[in-house]
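Visitor: For the sequence shown, our numbering assigns the number 234 to the initial residue and increments by one for each residue that follows.
For the record, the hints were derived by calculation from the structure and aren't laboratory data. Built from N, CA and C at the ideal position, the CB exists for glycine as well. Warning: the hint list may mix true and false statements.
[Stated by the list, open to error] Quick list of the computed label-pair ranges, beta carbon to beta carbon:
id	residue 1	residue 2	range
1	Leu391	Cys271	22 to 28 Å
2	Arg396	Glu266	29 to 35 Å
3	Ser336	Asn392	18 to 24 Å
4	Met302	Lys398	23 to 29 Å
5	Pro399	Asp260	26 to 32 Å
6	Pro399	Gln272	31 to 37 Å
7	Leu332	Asp243	27 to 33 Å
8	Tyr334	Asn392	29 to 35 Å
9	Arg347	Gly255	28 to 34 Å
10	Thr409	Lys317	37 to 43 Å
11	Ser235	Gly319	36 to 42 Å
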Amino acid sequence: MSDLQQRLKDSIRAVPDFPKPGILFRDITPVLEDPKLCQAVVEGFQKALVGIRVDAIAGIESRGFLFGMPLALALGVPFLTVRKKGKLPWKTVSHMYDLEYGSAEVEMHVDSVRHGMHVMVHDDLLATGGTAVAAAELIKQQGGIVSAFSFLIELSFLNGMERLKPYSAEAIRLVTY
Numbered sequence: 234m235s236d237l238q239q240r241l242k243d244s245i246r247a248v249p250d251f252p253k254p255g256i257l258f259r260d261i262t263p264v265l266e267d268p269k270l271c272q273a274v275v276e277g278f279q280k281a282l283v284g285i286r287v288d289a290i291a292g293i294e295s296r297g298f299l300f301g302m303p304l305a306l307a308l309g310v311p312f313l314t315v316r317k318k319g320k321l322p323w324k325t326v327s328h329m330y331d332l333e334y335g336s337a338e339v340e341m342h343v344d345s346v347r348h349g350m351h352v353m354v355h356d357d358l359l360a361t362g363g364t365a366v367a368a369a370e371l372i373k374q375q376g377g378i379v380s381a382f383s384f385l386i387e388l389s390f391l392n393g394m395e396r397l398k399p400y401s402a403e404a405i406r407l408v409t410y
């Protein structure tokens with residue numbers, strides 16, 4: 234285990250029965266409260282991306298914005314927002330996807346992705362992969378190429394990585410549970 238992985242495991246708080254009974258929530262608030270660790274996270278993602286073309290980073294609302302934006306700044310690329318339906322003020326493309334109980338829909342502005350742009354999808358956590366796949370589909374709808382996925386945390390027992398395989402994109406995660 235790398236030093237960064239150990240520091241993250243030591244900082245990420247496990248909160249039982251949140252937001253409902255039976256769920257063990259991984260709280261990244263202690264990570265966010267440590268500026269040196271946050272900088273190390275951004276640097277960790279940068280190192281993992283060496284050799285991967287990234288023309289833009291698409292951060293998924295809302296925790297995907299927390300490290301997605303600083304990483305975009307560090308790489309010198311645009312930061313694109315993927316938001317819940319109805320949150321963006323301009324014309325959008327949308328993608329509906331299934332959740333365990335019901336469905337959800339995410340959107341991007343229609344002019345966010347240029348044809349042929351290599352975009353990395355970023356979120357704080359990979360669980361079942363549904364939201365990451367929905368973001369990837371938004372990128373594809375606009376003619377973009379998903380070059381990578383990145384997550385601070387992967388919950389491997391939920392098999393989200395399997396849902397990302399069809400994109401043939403690099404999948405980066407800093408900590409796996």
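Visitor: Decide, hint by hint, whether the structure agrees.
Guide: The hints, checked one at a time:
| no. | hint | result |
| --- | --- | --- |
| 1 | Leu391 with Cys271: 22 to 28 Å | 25 Å, holds |
| 2 | Arg396 with Glu266: 29 to 35 Å | 32 Å, holds |
| 3 | Ser336 with Asn392: 18 to 24 Å | 20 Å, holds |
| 4 | Met302 with Lys398: 23 to 29 Å | 27 Å, holds |
| 5 | Pro399 with Asp260: 26 to 32 Å | 31 Å, holds |
| 6 | Pro399 with Gln272: 31 to 37 Å | 34 Å, holds |
| 7 | Leu332 with Asp243: 27 to 33 Å | 31 Å, holds |
| 8 | Tyr334 with Asn392: 29 to 35 Å | 18 Å, violated |
| 9 | Arg347 with Gly255: 28 to 34 Å | 43 Å, violated |
| 10 | Thr409 with Lys317: 37 to 43 Å | 27 Å, violated |
| 11 | Ser235 with Gly319: 36 to 42 Å | 40 Å, holds |
Violation of the numbered hints given earlier is confined to hints 8, 9 and 10; the remaining hints are satisfied by the structure.
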